[in-house]
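Visitor: Sequence:
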Amino acid sequence: VCWVLWHLWEEVSIMDEKNIPIRTYQVCNVLEPNQNNWLRTDWIPRSGAQRVYVEVKFTLRDCNSLPGVTGTCKETFNLYYHESNEDRESYIKESSFIKVDTVAADESFTQVDVGDRIMKLNTEVRDVKVTTRKGFYLAFQDVGACIALVSVRVFYKTCPLTVRNLATFPDTVTGADTSSLVEVRGSCVNQSEEREEPKMYCGADGEWLVPIGGCLCSPGYQEKSGTCKACSAGFYKARSSDAGCSKCPPHSHSLRDGATVCDCHSGFFRADSDPPSMACTQPPSAPQQLISVVNETSVVLEWSPPRRLGGRSDTSYSLELSSSSSSQLCLPCGSDVLFSPGQAGLKTTRVVVSELRAHTHYTFIVHARNGVSQASGAAGSAQSVSVTVTTNQAAPSPVSYIQATDVTRHSLSLAWQQPDRPNGVILEYEVKFYEKDQRERSYRIMRTFSRSVDVTGLNPLTVYVFHVRARTAAGYGEFSTPFEFSTNSDPFPLIGEGVNSAFLLLSVSGVGILLLISAAVFIISRRRSKYSKTKQDSEEEKHLNPGVKIYVDPFTYEDPDQAIHEFAKEIDVSSIHIERVIGMGEFGEVCSGRLRAQGKREIYVAIKSLKAGYSDKQRRDFLSEASIMGQFDHPNIIRLEGVVTRCKPLMIITEYMENGSLDAFLRKHDGQFTVIQLVGMLRGVASGMKYLSDMSYVHRDLAARNILVNSNLVCKVSDFGLSRVLEDDPEAAYTTRIPIRWTAPEAISYRKFTTASDVWSYGIVMWEVVSYGERPYWDMNNQDVIKAIEEGYRLPAPMDCPVVLHQLMLDCWERDRAERPTFSQILNMLDKLIRNPGTLRRTGGERYMQMQEQLLTPTPTFSQYRDTLAAAGYTSLDSLLALTHQ
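If you're matching positions, the sequence shown starts at 200 in this note's numbering and goes up one per residue.
Keep in mind that the hints are not guaranteed to be accurate.
Stated by the list, open to error - Okay, the calculated beta carbon distance ranges per label pair:
(1) 433 - 512: 36 to 46 Å
(2) 433 - 553: 50 to 60 Å
(3) 553 - 643: 31 to 41 Å
(4) 330 - 425: 26 to 36 Å
(5) 284 - 783: 29 to 39 Å
(6) 1038 - 783: 35 to 45 Å
(7) 986 - 244: 52 to 62 Å
(8) 798 - 476: 18 to 28 Å
Stated by the list, open to error - 27 Å max Cα-Cα, derived DSSO-like pairs, lysine-lysine:
(9) 748 - 768
(10) 867 - 847
(11) 847 - 768
(12) 328 - 292
(13) 428 - 398
Rather than coming from a laboratory, the hints here were simulated on the basis of the structure.
Quick reminder that beta carbons are idealized off the backbone N, C-alpha and C, glycines included.
Please take these sequences and the hints and turn them into a complete structure.
Guide: Structure (C-alpha cells):
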C-alpha cells in the first residue's frame, strides 16, 4: 500500500519487542488543540469485492502519562474511505471521504512501558461496503492522539471452490451485506448428471450454507472422493440412482470399463422385463410324465414339472389341441371345448378338458415356457410333450331351447332343436312336465322319436313346466332347463255375441286400478320401513360415538420421543427434496421442497429444520409442535406429513401453503376481495378453532400471522409451538414473547388461558382480516394497550366494515369471558351471514349517517311533555308511578 502524508504524520522506523526494525507512521502532536492530521493510502482496486475488511494494527500512548495535555490529548482516531474509478487522484478533499468508524485502543502504553520494551499492539477490524466504483482510498484522521500505525491489511472474503454432492461450486465473493446470502448454482462433475438442480448459498463469513440438490454419477460410473470413476471390468452400474458399481450377476460378464449392463453367457438369456441385477437364465426343458384319463367326452391331463427350470420361477404351461377322424385328419377343434382352469398361462400341472366330441381322436401338446423362451428362439417341440387319446361314447348334451305353439284350453304343441352335441345317433326324446304349483311332486312323461310332441289333457288357465332330454346308445343326456307355458282360460264370447263391451272394459280397468293401488301401498310401506331403519341406525350410531377424541399434551410424556412416535409418522429423509429457503424460524431454517412417499404421488411440502448445536430443551420444544400437530385432522388445521428424527438435522414436514401467512397476504392484496370472500376466510379459521376447542385444545397464539393460506384461499390454523412461558414464569406477562395485542385480559393478568381467551384473539383476527392486515392498536406500546383495554377501550370498526361483523368482534371482546360467544356460535353466525349477504351491506358509515339524521329530527320540548301529562291527569310524581308501559 502506498501512502500519502498530510500534515504531521511521519514515517518512522522502530524496533519491535524482538528488536526487529519495522516501519510505522506516527503522529503525536498532543500539546495543541484542534488537530486534523490525515494519512491516506494509494488507490486500491476493488477486484469484484462488495464488502472489504480493514485490519489495523497500532500502538497508542495513554494520555494520562503525558503531563500538561489535559483537554487536548485524544485516545482515538477516525477511519475514512472514498470510492473512485480513477487511480490517479493526487488530491482528494476531506469532505469527499465517508467515515467508517472511530477507532479506539484496547491497550495503551506509557513512557515506562517503552523503557521496559513492552509492545502493546492493538488490532482492530472494520468492514466497508464498496459496490459503486472500481476502487477506493482509505484515510486515517488524527484528532490529537499519540499513535503509531504498524500495519494496515485490506482484504475481502470469498467462499472457496468446493465440491458438494458431486457438484462443483466456484470461488464466490460474499455479498454486500453482512446478512446477505449469495445463491450459487453448481455444475456437475465429469461423468455425472443432475438429480436435482444443485445450489448453495455463500454466507457473509465466507462459509457455504444450505446445500440443495446435487448430481449422480452416470450409468457405468460410481462416486469416489468427490469424482465419478468408471466401473471396472466384471462390474456394472445400470442407473444413475444406483449406489455404486455391482458385480456382474451369474452367467453374465462385462469386458470393458464403464459397463451399464452385463452381457449374458452363450446359451443364457435375459427377458425384457428382467432387471440388470438378475442372473441370466435359460428356457425350461419339456414337461415330464404326461398322463391322460378319458371319461366319455372329457379328458383329465396331468404332468410333472420340467427337470430343468432354467434358473427361473416364472414357468407356465399352455395346451395345444387337434383332432382327427376316419374321414379327415387334423380337424379343427370347436370353440365350445372347455379347459379348466384354462388353456394358456397355467401355473398348475393339471387340466380338465370337456365338451369334446365322442368317438374322436384328440392330440394334446403341453408346452413349458418361461420369461426367456421367446428371447432364446428355442423350438417349441424341444420344450413340450404330447399325448393322443380317443373319446368314448357319451350321452347327448341338453336341449337348449323349447318353443310352444297351438296353445288351447287343454293342449299345446312343443318343438325343439337337436342338442348341440348329440354324441351319436339320437334314438328318442323324453318330455317331462308338471303343473308349476306341484313343484315336480306329480309329473308325467312322454316319449317321441321326432323333435316335437302334442301335449293334451291339460287344465285350463294353468302354468306348466316342461323339460326335454335326448337319448343315444350311451344313454340319456341331462334334462334341459325348465320352460314355462300357460294354457288358455274359458273364452269370453266375442264382442257382439251377447257380452257387454262396456262391462269388459270396466273389468279390465278395475283390475289395472287394483294393481296400481297394491303397488303404491307396497312402495309406501317399504319407504316407511326404510326410514324407520335409517332412524334406528342413526340412533345406534350416536350411541356408539358419544364424543370426539381429546387432545393429549406431549409435555406429560417423560420421554419426548415417545410422544413424537405416537402422534407423528417417521419419514425417510431420502424421500425429501429441499428446493429453496423461504424463511428463518425460531429453531432454524424453513425451506420448501417436495415429498415423494412410497406408493403416493409427489407433493409440495414445507420443511422446518432444527439448527445444529441445539440443547435438549430446544429439541423437546421443537418436536412438541409436531406431537401436537399430529393429533389434528381437519381441513382448516395445517396438516403434518411427518418428521425426521433418525438423522440430522431434525425436520418437521407439513403441507405447503402457497400464499403464506394471512396478514402478509392481505397486505399484499389490500382492497382486492369482496366482503363475502373475507367472511369466507374468517369462517375457515372459526371452523378450525371449533375443532380445536372440541378437542379441549387452547391455542394461546391465535393471530393472522399464524394463519396460513393456500392457493384456493383456504385458511388453516398453524403454529402450535408457543411454549408455556405464562405458566412457568410469573413475570412472563410482560415479556416480548407474549402477544399482548391478541391476548385476553384475564390471560395477561392471571395467566388464565381458555377457549374463551382464544375467542378474544379470534376477534382481533377478525379486525386484522377486515382491515387487510393492519397492526392492532397501531403504534401503541404494550403497556398502553393493557391500560386502554382495562379502561374499556375496544378497537373501532375498520373502514367499510359491516356493522354485524364489528358487533361480533365486540362480543368476542367482552370483559367477562362467560359472556363471549363460543366458536360453535361464531361459526353459525358466519354461516348465516354467508347465506344472507344482504346483512353485510350496512357498514359503520351508514350507521353514522342514520345517527346524524336522528340528531337533526326535531324532538318534543319539555313543556310539550308537561302539558300532555297534565291534560291526562298526571300532576305529581306519585301519580306518575301509576303509569303503565302502554
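Visitor: Please go over all the hints and tell whether each is borne out by the structure.
Guide: Now for the hints, and whether the structure bears them out:
A hinted range of 36 to 46 Å for the beta carbons of residue 433 and residue 512 is inconsistent with their spacing of about 26 Å. Checked against the given bound of 50 to 60 Å, the beta carbons of residue 433 and residue 553, roughly 55 Å apart, stay inside it. For the pair residue 553 and residue 643, the supplied restraint of 31 to 41 Å holds, since their beta-carbon distance comes to about 33 Å. Between residue 330 and residue 425 the beta carbon distance is about 34 Å. The supplied range of 26 to 36 Å therefore holds.
A C-beta distance of roughly 37 Å is found between residue 284 and residue 783, which places it inside the suggested range of 29 to 39 Å. Between residue 1038 and residue 783 the C-beta distance comes to about 43 Å, which sits within the given range of 35 to 45 Å. Between residue 986 and residue 244, the C-beta spacing of about 59 Å keeps the proposed range 52 to 62 Å intact. Roughly 22 Å separates the CB atoms of residue 798 and residue 476, a value that falls within the hinted 18 to 28 Å.
The straight-line distance between the Cα atoms of residue 748 and residue 768 is roughly 19 Å, inside the 27 Å bound, and the hint therefore holds. Between residue 867 and residue 847, the direct Cα distance comes to roughly 36 Å. Violation of the 27 Å bound is thereby established for this hinted pair. Using a Cα cut-off of 27 Å, the hinted pair residue 847 and residue 768 holds, with the two alpha carbons roughly 16 Å apart. For the hint linking residue 328 to residue 292, the alpha-carbon distance of about 21 Å falls within 27 Å, and the restraint holds.
Straight-line distance between C-alpha atoms of residue 428 and residue 398 comes to about 23 Å, which keeps the hinted pair within the 27 Å bound.
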